[in-house]
Amino acid sequence: MEVVDYSKAPPLIEGNPTLGHIDDSIAVPMEKRPSKKYFAALSITLTMLLIGAVALGYTFYYGIGMWGNNIPVGWAFDITNFVFWIGIGHAGTLISAILFLFRQRWRTGIARFAEAMTIFAVMCAGLFPLIHLGRPWYAAFVFPYPNQHGIWINFNSPLVWDVFAVSTYFTVSLMFWYIGLIPDLASMRDRTTNKFKKAVYSVLSLGWRFSNKHWQHYEKTYVILAGLATPLVLSVHSIVSFDFAVSILPGWHTTIFPPYFVAGAIFSGFAMVMTVLIIVRKVFDLEYIITKKHLDKMAKIILVTSMMVAYAYLMEPFIAWYSGNAVDWFVVVSRATGHYAVGFWMMVACNVFIPQLFWFKKIRSSIPALFIISLLVNVGMWLERYIIIVTSLYRDFLPSAWHIYTPTIFDFGILIGSFGLFFTLVLLFSRTLPVISMSEVKGVVEGAHPTHHIGAEHE
Amino acid sequence: MADSNKENPEKGQFYWKSLKEFHDDPASAEAKANEFMAGVTDDFKLSGMSDMSRRKFLALLTASASFAAASCSTYPSKGEVIPYNKEPRGVIPGIANYYASTCTGCNQACGILVKTREGRPIKINGNDEHPVNKGKICARGQASILNLYDPERIREPQKKSGSSFSKSSWASANGTIISALSAAVSSGKEIAVVMKTLLSPTAKKAFDEFAAKYPTVKLYSYEFFSNVNRNSAWKKSYGSEQFPLISWDKAKLILALEADFLGNEGNMIEQTRMFVETRNNGDIKNFSRLVVAESEVSITGMNADIRLSLHPEEQYNFVMSLLHEFVVKRQVSRFALDRNVVNTLQDFSLEKFAERNGIDQKSLKGLVSYMSKYKDSSIVYAGDRLPESVHIAVNFLNEVLGSTRLYRENQANIELLAYSTAQDWEGLVSKMMSGNVEVVIHYDSNPVYHLPEDYGYAAALGKVSTIVTLAQTENESSAASQWLLPINHDLESWNDFQTRTGLYSLQQPVIYPLYTTRQKEAIVITWASGNESAYHDTLYHEYLMNRWQKEVYPSMKLAVDFKTFWYSALHDGVVSFVEKPEGWDSYKVESFTSLPTPSTSKGYSVVLAESYVLGDGRFASNGWLQELPHPVTKVVWDNYAALSPDTAKELGVDYNDLVEVRIDNRKQKLPVFIQPGMARKVVAIELGYGRTNAGTVGTGIGVNANVFLSKKGSFSQWIYSDAAVSKVNGKYELVTTMEHYSIDNIFNKDIQFTRGIIREGTIDEYEKDPNFIQVEREADKPVSIYKKFEYNGIKWAMSIDLNKCTGCSACVISCNVENNIPVVGKDQVKVSREMQWLRIDRYYSGTPVEPKISLQPMLCQQCDNATCENVCPVAATTHSPDGLNMMVYNRCVGTRYCSNNCPYKVRRFNFFNFRYHFDGGYYAQQPVEMVNNPEVTVRTRGVMEKCTFCVQRIVEARQEALQDGRKFKGSDVVTACQEACPADAIIFGDMNDPNSDVSKMREHPLGYYALEELGTKPNVTYLAKLRNI
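Chain order of the listed sequences is A and B.
Number 34 in this note's numbering belongs to position 34 of the first sequence; there are no gaps in the numbering.
For this note's numbering, add 10000 to where a residue sits in the second sequence, where the first one is 1.
Incorrect hints may appear among the rest.
Some chain A residues close to chain B (C-beta under 7 Å, calculated; not the full set) [stated by the list, open to error]:
id	residue
1	ASN16
2	ILE64
3	ILE71
4	LEU130
5	GLY134
6	ASN156
7	SER157
8	ALA326
9	PHE397
10	TRP402
11	ARG431
Covered by chain B, per the in silico footprint, the following chain A stretches (three or more residues, Cβ under 8 Å) [to be verified]:
id	stretch
12	138 to 149
13	281 to 287
14	327 to 334
No wet-lab data here; the hints were simulated from the structure.
Please read all numbers here as calculations on a predicted model, not as lab measurements.
Just so it is clear, CB atoms sit at the ideal spot from N, CA and C, and this is done for glycine as well.
Pulled out of the complex, with its shape left as it was, chain B reads as follows (with noise of 0.2 Å):
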C-alpha cells in the first residue's frame, strides 16, 4: 500500500514517521503491523503479574464495579422496563396529552380535561366541551389529583384479622363475598348497597344485574347535603320531582335565602358563570342585584351587594311578609283573590318582620320596590339547608312574582336513583339488629361517619355478618368491615354519567390503575357472574362500550358507525342529545295554604354547612385541600364554631376559646371562630372534619360535628333549634391566612380604602361619572429620573375583574398544581410560612354587625419597577424584556430581602424543605413526586418563590408558535389561575397589543393598580368592583 503511494503520488499524499520507514526497513513493516510494540501484548497473563499490575488493577476493578452494579440494582424486580427510544403512540416526551373525563368529586360530574405528561396525569382542567362546566372545574375537583398518588391509598385487596387488616387477593375476597351473597340470597337475607349519589346509567345497568342475580339485594343511596327539601316542596307545588335550573344570567334581582348557590349548592361552576353573566361592568344596564338573606356568611354571601343577616328560622317569616306585602298590600297576581291565601298570610307583614329581626325597614321597602320592578326577573332562591315549608313559599314567591318564566324548560337534572328516607334508613337498621342482614356494601360510601348517629347504623354493623367496603383509602367505614376492596381512582376508571337531561358525560383512564386496585362497578358485575373469574382488566371498558352500542348508540340514530360515535364521544367527554325534560304542572296553591308553620327557635340554632374545601369530609386526606384557605374566614386545616361578634361578646368568648354546644344529649367541644356579619344566636359549623379514620394527613383534623345531626332534623336536617351553647375551659388555636384585626378600630378602619388597595363604589357613581374610582390623573404622577424601559415586542399583563371574583378559589389550587406548590402543614401556617403564590384577599368594611366584603385575588403583580429586584445582592430577581419579573432559583442565596421590600408580600420563602417537612415527609413518599408538573422547577429549602405569571406556559407556547412558523401572540398564553377562573375574572395577554383585552382593561375607567402611588408600576390591573346599590 504504502509503494503503491509512493509511485503513485496523484493518489494521495504520503506520509512517513522515520526515514526507516520511508526505506521500508523490515522492522518499522513489523512494528507497524502490530497495534502494540513488541513486548506489551505477549505477556499477558493474568498468573504471571505481578500482585498489582495496572492491568489486573484494571480488570479487578472492572469486574467488581459490574458486580457492584448488577448485585445493587433493582431492575429486575421492577418487571420489564421500556426506555422511549420507541414512542409509544401518541406520546410525544415533553408533550403534554389531554384527556376529556369526567370528575366525581361530588355529584354534579363535571367534564374535566385532564393533562398528562409521558403518561401520568399531573392536572386536570375542566373540559371546554362540556355544556355545563364549560372548562372550568372548582378547586375540589382540580386537588383531586393528589388523591390519585396519594401514598396511603390501599394497594391490594384487605381482609381483616383481629382488629387490623391485611393483605388478601381479590380471588380469596371475591370468592367468599360471592358465596356470602349467594347464602343470603338462599337463607331470603338482605344484602344492602350503600352508596352515595348514582350517577351512572351503566353503573345502575350493572346493580340492575346485581339485583337480578341476588334478589335480595337493596340499594341505599344518601348524600351528606342535598336539595332534598327543595325538590319535595317542588313535587309539592308543581308535581314534578325535580326543581328546574335557573337562568340566572336572565335575573335581574335574585334574593337568595340562607343559599349558597356560588359556593356549594347545585353547581356552583354553572352557576356563578351565569351570575357573573349579570355583573358586567360593560353592561351596567342589565345589572343584577344579589340580596343575600342568611345567618352564616357564605360565598354567595361575600359577593353580596345587600346583605342581611338573619336567623335561619326566621327565613319563613321573611317569605311570608314578602308574601303578605305582594299579595295582600300590592295585590299582585291572581292569588290575591284566593281567600285561604290571604288567610294564610294575615298573621306576617313586613314591618313586623323588620321589627322583629331589627332589621332597618328601609332596606327592605329597597327590595320590595325593586323586586315589584323587576317582577318576573326576581328569582327568589332558598337554599338546601332551609326546611320544606320555606321551599314552599318561596316556590308560591316565584309564582307570585311571575319570575317562574327564569325557570329553564330545555333542560333539568336527573335522578337515577332516588335518596332513601328517613324510613329506608330506619328499616335498614332495624333489620340489621334483628339479623335479617347478611352482606353490607358500602359501595363507596361512608356512612358510618355519614349518617346521624341516633340511627344505630354504627352499632348495627355489628349484627352483620359481612360487611365490605369499596374506597380507595381507609375510611370510617373501613373499619368497620370485613373487608376491604380497594377502588380505582376516577382517573383510572371508565364510566359515563347523566346528571341532566340530553346530556351525557364519559369518563375515561388516562392512566392504568397504579396498584392492583378494581373498578368498583366492574367489582359489581364480577358478583352478579358468581364467578370471580369472570373478571378482567377490560370487563368495566367492554361493558360500558356494549351499553352504549345497544342501548345509547340506536337511540340517537346517527349516521356514523357506532365505533366513530364512540371515539368521538370519548374524544368530546360529553356526548349531547335532543332530550324533553318532564316538565312540570301549574302551581298547586293547595301546597301552600296547607302549610305548616314550622316551629322557632328560643336558644341558639345550630347551622351546619357543607365543608367548601373537604365536601362531605372526602377530600380530608388531600392536603392541597386543608390548607385552602377558607373563602371567608380564611381558616385552614380546622373547623370551628363562628359566632358573631355580638353573640361571642354575650357568651364571653373571644377566638379560639372553646364553647360546648348541646343540642338535646349531643354534644361537642369546638373552638370559637368570631365572624363578623353572621346572624345573632347562631352557631355555624362546617362538617366534614374530625375524621377518625382519614389515614395520615385527614385524621384528626377539625372537630366532628356529624353528632350534631338527627335523623329527626329539627328546623331542618342540617339546622338545629334550641341548643345550648356555653363556654368551656381551654382554648384551642384556629389558624388564618390572615389576621383578624379588628375592623372598628380608628387605626385599621378601612385601611383597604386609605390604602389604595381596594376601589370600589356602585352603579350610580359609575353611570355617573365613569372615572369616579381614579384618583390621580396622570399628569400628577411624579416625574421618574430614570429612563423607562422600552418593551418592544410582547408585555406581559394580567387584569382580575373584581366584579366577577367571587372568591371560590378554585384558582388557588390551579396554581397550587401547575406550579408544584407544597403543603406546608398547619403548624407553618400558624407562624405565616404558607407558600400558595395566589392568595385571595378578604377585607372587611362597614360594621362587625353588617360588614360589606371585599375580595382581591393577590399575587405578584410583576412591576415594572420592581422593588423586590434592585435588592436582591445575587440579581437572583430580574426582569425579562417581556416585562416579567423573572425568580432565578439557582442563584438565590436566600436573603429574604427581597420580600421584605415587596409592599404586596407576594413572596414566599422555602423556610424548610416543606416536603421532607410536612407530617414526617409525608409528601416525599412514592408516588406523589408523580403529581409534580415536570416544566416547573421543584424548589429547595432556603430559596424564595413567587407568582411566575406561568412563565412555563408561556415558553411553551412561544415554541409552539415558533414551530408553526407564526407570529407569538399574547392570546396564546393562558395561565393557570385564568384557565380556571369559573367567572372568567382573569384576563391574561399582552399589554403592548392593543387590540387584546388586557389592554383595553389597563385602559379601562375602572383599572386601577394595587398601591399605585408607591411607583412600582405593576402589570396586574385591577377592575374595581360595582356594587349595585
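This is chain A alone, in the form it adopts within the complex (with noise of 0.2 Å):
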C-alpha cells in the first residue's frame, strides 16, 4: 500500500520538472509545425462551421421561418443555445478568478484554458441574441444610443439586462484572460526567432521586462480583475435567468432560476472544460501539469453541482405542487409526460442520475469515464435549457394557442455551426498562444516558494 505523507501537501505537478522544461513543452505547440493530425481537426471544425454559416446564410435571406420557431414556441435553439454556451462560459472565470481568490493553486494548471473556453463560449453565446432577431440588422437598437428620434430602449427588459451582463462578462473575461497572459507573452517573444511572431508578440506583452515592479502591478492587477471578475460569474448567469424568471409564463416564472442556473453553468462549464482538457493534456503531452488529480477536483465540482441542479429539479415540481396552480403543475407533469418527456428524461438521466457515478474514487480516476461522463453531462445540460424553453412554451395558459416545436436542418446547422465555431476557436488557441500559463505553473513546482514553514507552501 502507498504510504501517504499527511503532513505534505501532495504536489501539484507531477514529476518535479525543471523550470525550462515546462517552459520548452508548453511553447512546443507554438514553435512546432501542426502535425496533419492538427489540420484534419482543424478541416473537421472549418466544416462545421460552414454548416452553421449556411444555416445562417438562409436564414437570413429568408428569414427566421426557416427555423422550426413558432408561435406559441417564439424561442426554441437559437436561445437554447444562447444560455448552453453561457453556461460553458463559466467555468473559465470560475477557475481563474473564484479559485485564485481562495487560493486554490490547483487551477493554475488549467485556468488558461478555462478562461480561453470563457472567451469563446461568450462569443458564440453572443452570436445567438444576435442572429435570433428577426431583423438582426436592427440589432443596434437594443443599446441605448443617444438618437435624434429621442428613442430609449426598455429597461424594464431582462433582454436589455442580458445585453449589458453579457457584454461586460465578456469585456472583463478577456482582459483578466489578457492580463494573464502578458508575461506568457513575453516568455514566448523572447524564445521565438521567427521575425513576424516577435512583432506580434512583443506588441502584445506591453513591455513586459519579468522585472520585480512589473510582477508586483501584476500581481494587484490580477487580484482586482480577479474580484472584478467574481460577482459576474453569478450575476450574468443571474441575469440570463431573468429572461424566464421575470417572465408570467408557468415553467419560467420561478424564484429559484438565478441559483439554479449558476449551479446549471458551472456544472456545464467544469463537464466542457473537462472534456476539452482531457483531449489537450493528451495530446500536447501535458499529463504532468494537467494532472489526474485536477481531473478528480473538477469531477467533484461537477458531482457538487450536479446535486445542486438536482435539488433545483425537485423544487420545481414541489413549489408547482405546494402553490396549488394548476398551469404551473399542468407544466411540470407535461414536462415528464408529454411530448417531450424522453428529452426530460434524458436530462434527468444526464445530469443527476450519471453524474453520481463520482461518488466512486474508480470512476473519478477513469480517464475514459470522465470523458464520456463530461460529454453526457454537456447533452445534459444543453437539453436542459431547451426542456425549460421549449415545454414551458408549448403548452402554456390557453389550449388553443398550444403547438408542438419540430427543430428543422437550419436548427441543427446552426447549432452544429456554434459548436464548430467554438472548437476552430479553441484549435487556433491550441497553436498560437500559450495553453497552460507557464508563469503560473513555475508557482507552483515543488520548491517554488521556499518556506520554514511547512504546509503553508501552497498557500
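Got two chains here, separate frames each, mind docking them using the hints?
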C-alpha cells in the first residue's frame, strides 16, 4: 500500500520538472509545425463552421421561418444555444477568478485553458441573441445610443439586462485573460526566432521585462480583476435566468432560477473544460501539468453542482404542487409525460443520475469514464435549457394556442456551426498562445516558494 | 439707381460693398451689371474646352441622365396618366368613398357597402340599408374582394387551340359564337345555357330576348346545395312554391334537424341576427332553447343548448316519433281524430326511438315537455339535405304544434327560374350525346365540377361542337370549352337582384373593369342582338336603367322623377316596395298520410355538406378563405372524412389516416378527422374541394368528394346510405389551427373552465344569482404596489358576448381584409404561423360522444398591465394614453419575447415575408397589392404584429371629430370585427364614458376577463355564455 504523507500537500505538478522543461513543453505547440492530425481536426471544425454559416445565410436571406420556431414557441434552439454557451463560459472565470481568490493553486494548470474557453463560449453565446432577431440588421436598437428620434431602450426588459451582463462579462473575462497572458507572451517573445511572431508577441506583451515592479503591478491587477470577475460569474447567469424568471410563463416564472442557473452553468462549464482538457493533455503531452488530480477535483465540483441542479429539479415540482397553481403543475407534469418527455428524462439521467458515479474514486480516476460522463453532462445541460424553454412555451395558458415545436435542419445546422466556431477557436488558440500559464505553473512546482513554515507552501 | 438712393436716404438704405463702389468706379459698375465676372462666361465653347471640364462633365451628366430616364421609363406604354392635381369629382385623396352594391357570393344577394380608396375597392361591408342582412355580410362575401384582384383572372377572351387556350378578341369570339348560335337555330338544334340560380330580373329579361332571337335556347339552372327538398315538400303540404321565411326571433324553442341555419342554409346573416335576439342575457324570460339533432357538427350544432348526435337517416323516425307523442299520445290538435294520421303514426314511439338510438329518455322527455309548453312557439326546422319525406313530416309537426304562426306572411322568397330537375339534366345529356345540342353556354357556372358524374355531362360535352364558358378564372368547365370569355367581377358590374318579395337589391360597379372583361349579361344581350358591334361599355347599364324606367319605376307610383328615383335607389342599394307574397293553402294532410317510408341504412352513411369557407368551390382560389379555420374543426386548406371517435375506433383509424369511402362503385380516399359529437356510422365530408382547375392557389386543395354525388341520390341527394368505409394504407396530414388534445384526458379535462378562460352557466343559475360566474370579489384581488396609471379621457375597451357569438368567422375575414393580413399557406399553418389577428377558440367539455362546445373569439386583450410591454428590449410595444397596447413596427427587432410572455398568445410574427413566401410569391404579384388598406402598414419580415383595436379607424374618427369641431366619442369608432359580426356580439367603445355600451358590459354581472387571476387587467370583457337547459 502506498504511504501517504499527510504532513505535506501533494505536489500539483508531477515529476518535479525543471522550469525550463515546463516552458519548453508548453511552448512546443507554438513552435513546431502542426501535424496532419491538427489540420484534420481543423478541417472538421471548419466544416462545422461552414454548415452553420450556410444555415445562417439561409436564415438571414429568408427569415427566422427557416427555423422551427412558431407561435407559441417563439424561442427554441436559438435561446437554448445562447444559454448553453453562456453556461459553458462559466467555468473559466470561476476557475480563474474565484478559485484564485480562494487560493486554490491547483487551478493554475487549467486556468488559462478554461479562460480561453470562456471567451470563445461567450463569443458563441453572443451570436445567438443577435441572430435570433427577426431583423438582425437593427440589432443596434438594443443599445442605449442617443438618436435624433429620442427613442430610448426599455430598461425594464431582461433582454436589455442581458445585453449589458453578457457584454460586461465578455469584456472583463477578456481583460482578465489577457492580463494573465502578458508574462507568457513576453516569454514567447523571448523564445521565438520568427520575426513576425516576435513582432506580434512584442506588441501584445506590452513591454514586459519580468521586473520586480512588473510582477508587483501584475499581481495587484490580477487580484483586482479577479475580484471584479467574481461577482460577474454569479451575475451573468442570474441575469440570463431573469429572461425566464421575470416572465409570466408557468415553468419560467420561478424564483429559484438564478441560483439554479448559476449552478447549472458551473456544472456544464466544468464538464466542457474537462472534455476538452482530457484531449489537450493527451495531445500535447501535458499530463504532468494537467494531472489526474486536477480531473479528480473537477469531477468533485461536477458532482456537487449536479446535486445542486438536482435540488432545483426537485424544487420545481414541489413548488408547483405546494403553490396549488394548476397551470404550473400542468407544466411540470407535461414536461415529464408530454411530447418532450424523452428529452426530459434524458436530461434528468445525464444531469442527475450519471454524475452520481463520481462518488466512486475509481470512476473519478478513469479517463475514459470522465470523458464520457463529461460529454453526457453537456448533452444533459443543453437539453435542460431546451426543456425549460420549449416545454414551458408549447403548452401555456390557453389550450387554443398550444402547438408542438419541431426543429428543422437549419436549427441543427446553426447548433453545429456554433460548435464549429468554438472548436475552431480552441484549435487556433492552442497553436498561437500558451494553453497553460507558464508563469503560474512555475509558481506551483515544488520548491517554488521556499519557506520555513511547513505546509504553507501552497497558500 | 444707386445715385438716387444715395441722394434720397429716406427712400431706403444704400448698401455698398467697397469704397470703389461707393465712389462709382466704372469697373465696379460694369462688374455689377454682369452676373458673372469677366472670363467666366466668355469662353463657354464646348469644343474649346478641355476634355473633361466641370461644365462639360455636368452637361454630359445631365444629358445622359435624362436620356437614361427617358429610355428606361415605361410611362408611354401605360396610356394616359392623370395626376391628382385636379381632383376627380367625389374623390378626396385619403378619404374613403362607399358605394352600395350587392354580393353574389351565393344565391342570397345580400346588400353590401363597398369601401373604395382613390378609386379602388378595398373592403366589402354589409349595407345598413338592406333589410335582410342589415349591414352585415358573411366571411365569404367579405373575402370575395380578393377575387377581384386575383392575378389569374382571365384578361381577354380565350380560344382553345389544341389543348390550351390562346388569346383572342371579343370581335372574333362573338362573331364565331353568334354564327354558331344562328347555325344551331337554323338546324333546329338546342342551345343549352347552364347557369346557377338566376337572381336578376333584368338578366332574366335579357335571356328572354336571347331566347326570342334564338328559339332553340333552353335554360338550365342548378345549385350545388339547395332547398329543393324543402320547397317540394312545402308544395305538397301547402300547395305553394316556396317554403316561407321564419320568424326566428319569436321562437321559444328551435328544433333543428340536420339543419344549419346559423351556418350554410338560407340567409345565415338574417337568421343569426334573429336567433341571437332570443339569446339576450338582458331578457332571460324570452330566452329561446336551441335543440339540434344532427349527424355532423355544424355551426348550429355548436350553439345548441341540447345537442343530440343522430344518424341522419333516423331523422324521419325522430319526427314521426315526436308526432306520435303529440298526436296519438297527447292528443294535440284536430289531427288526433284523423284515422289515417293515427295509422301512419302507429308504428312509432319516442321510447322505441330513444332505445334504438341510445338516446337518453330524459332529454327527450324534457324536449317534449318544453315543446308542449311552448307549442306554437316551437319551430321544427329540417335541414336542406334531408329528403322530402322528412320535410313533409316536419311540416306536419309544425302544423300540429301550431307553430305555423311563426311563418312570415309579409315576405317570402322568390324564384325567378326553377332549378332543373334530374329529368331535365338527363334530357340535356342524351340530347348532347345524340348530337342535338349545337351550343352549350356555361353561364358563370361550373357543371363539369358540380353535376353528379353519373349524368355523364363531361363526356357528353365532347359531342357538342361549340362550348362557351363565361367565367372570371379558369375552371373545370372552361377546360372543356372552345371559348373562355372573361366576365366582370361583382365590383365591376351593374345589376339588380330580387330574391324576396317587395325588395330589389341593386349592384353598381365601383371600379372600371381591370381587364378587357365584359359583364356576362351584356354578352348575352350582344348575342341576342346578333351583332358584335352592338356591344359598348355601357350596354348593360343602359339596359338595366331602361328596364327600371319602363317596368319598375312605373309600378312604384312615385312622386319623384325617374332620375331621382334611380339615383336614390343606387345610393341606397335597395328598393323596398309593397308586394304581397302569394301565401299558402291550408294544410293538406294527404301529403302526410301518403308519405312513403324512406329506406334506412345498414352500413355507413355519407353526409355531404357545403364547405363553410369555399362555398360550392367557387372560392377555392381565395387564399384568405382557404386559410380561414373551419368554424368547428379548425382545419385549414383541406377537406376530410369526419368520423365520430367511436367510429374511428371501430375502423382502427386515427387522425390523418386514410380511409376509402365507397358508395356503390363510386369511391374516394380521404384523410380522417375525428370529430367529437358526430353520430356513429356516419362519414361527413365537405364538398367544394378537390378542384382540378382552380388556378395556382385552388387546384388540388383537398379531395374531390363530388364523385359521391349521384343523380339518383340515396337517402337524399346529399346523404348516401350503405357506404363502405375501410382503412387504407398511407397518411395525409391535415392542418388545424388548434391542437386536438383529447378532451377526456384527466389533465386536459375542462381545462378551459379550471383556468378561467371560459365561464358559463345556465339561465337558471343566472336567475338565481346573477353574479354566479364571478369567482373573486374585488376585495380579494391582490393590491398592486405600483401606482395605477390614470386614464383621463377616452379609454378603449371591447366586450364580446359569448351568448351571441356563433363562431361564423365573419369577424376573422373582416379583420384580415381591414388589416392586410397575409396568406401564409398550409405549410406555415402546420408549424403554427398563421397570421390572423383574431381567432375563434373552440373548446370541448363533456364527453367525446356528447361534447359541449364553448367558443371564444380571442384577440389582443389590450391589457392595462400588458406583459408584452415590459419585456420588449427596444420599447417597440408600448401603451397609449387611451389604453391601447401599441405595436411600433419600425422599432421592432423581432426578439419574439413579447409573444412568449403573452398569456393569450395573440401576437403574430412575420417569420418570412409571407407575401413572397406563399406559393412562390403568388400574392406579391400585381394587382394583389391593390387590395391592401392604405391606412395599415404592410408588415415586413421579422416584425411582430397583433390586433390594434383598428387604431387606424380610431385615428380617422378622431380626425373627423376634430375637423367637425365636436367632442370625440367612443361610439364614433367601429372596429372591423364589430362591423362584421352578424350577431352584434362585439361592442367597442370608451369605458370611461359611463353611458357607453361597453362600460355597461364591463360592469355586467356576466362580464369576466380571460385569465383574470394573472392580473394583466385586460380591456376585452367576455360576457359568459348562458345555456338554456
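* **Interface hint outcome for ASN156 of chain A [beta carbon to chain B under 7 Å]** => Interface hint status for ASN156 of chain A: holds (4 Å vs cutoff 7 Å).
* **Cut-off 7 Å, beta-carbon criterion: hint that SER157 of chain A touches chain B** => Where the cut-off is 7 Å and the nearest Cβ of chain B is about 4 Å from SER157 of chain A, the hint holds.
* Asked: Given PHE397 of chain A was flagged as interface, is its beta-carbon under 7 Å from a beta-carbon of chain B?
  -> 4 Å, holds
* Are GLY134 of chain A and chain B close enough, Cβ to Cβ, to be under 7 Å, as the hint says? -> 2 Å, holds
* Does ILE71 of chain A pass the interface hint, meaning its C-beta sits closer than 7 Å to a C-beta of chain B? -> 6 Å, holds
* **Restraint check, 7 Å cut-off on beta carbons, for ILE64 of chain A near chain B** => 5 Å, holds
* **Per-stretch coverage check for the stretch 138 to 149 of chain A, three Cβ contacts closer than 8 Å to chain B** => holds (count 4)
* chain B covers the stretch 327 to 334 of chain A, three or more CB atoms within 8 Å, holds or violated -> holds (count 4)
* To do: Closer than 7 Å between Cβ atoms is the bar; does TRP402 of chain A clear it against chain B? Give me holds or violated.
  => Status holds, d = 5 Å.
* Asked: When the nearest CB of chain B is found for LEU130 of chain A, is that gap smaller than 7 Å?
  -> At 10 Å from the nearest chain B Cβ, LEU130 of chain A fails the 7 Å test, so the hint is violated.
* **Per-residue hint verdict: ALA326 of chain A, partner chain B, C-beta under 7 Å** => Holds. Min distance 6 Å.
* Between the stretch 281 to 287 of chain A and chain B, see if three or more residues pass the 8 Å beta-carbon test, and mark the coverage as holds or violated. => violated (count 0)
Checked against the numbered hints above, the structure breaks hints 1, 4, 11, 13 and satisfies the rest.
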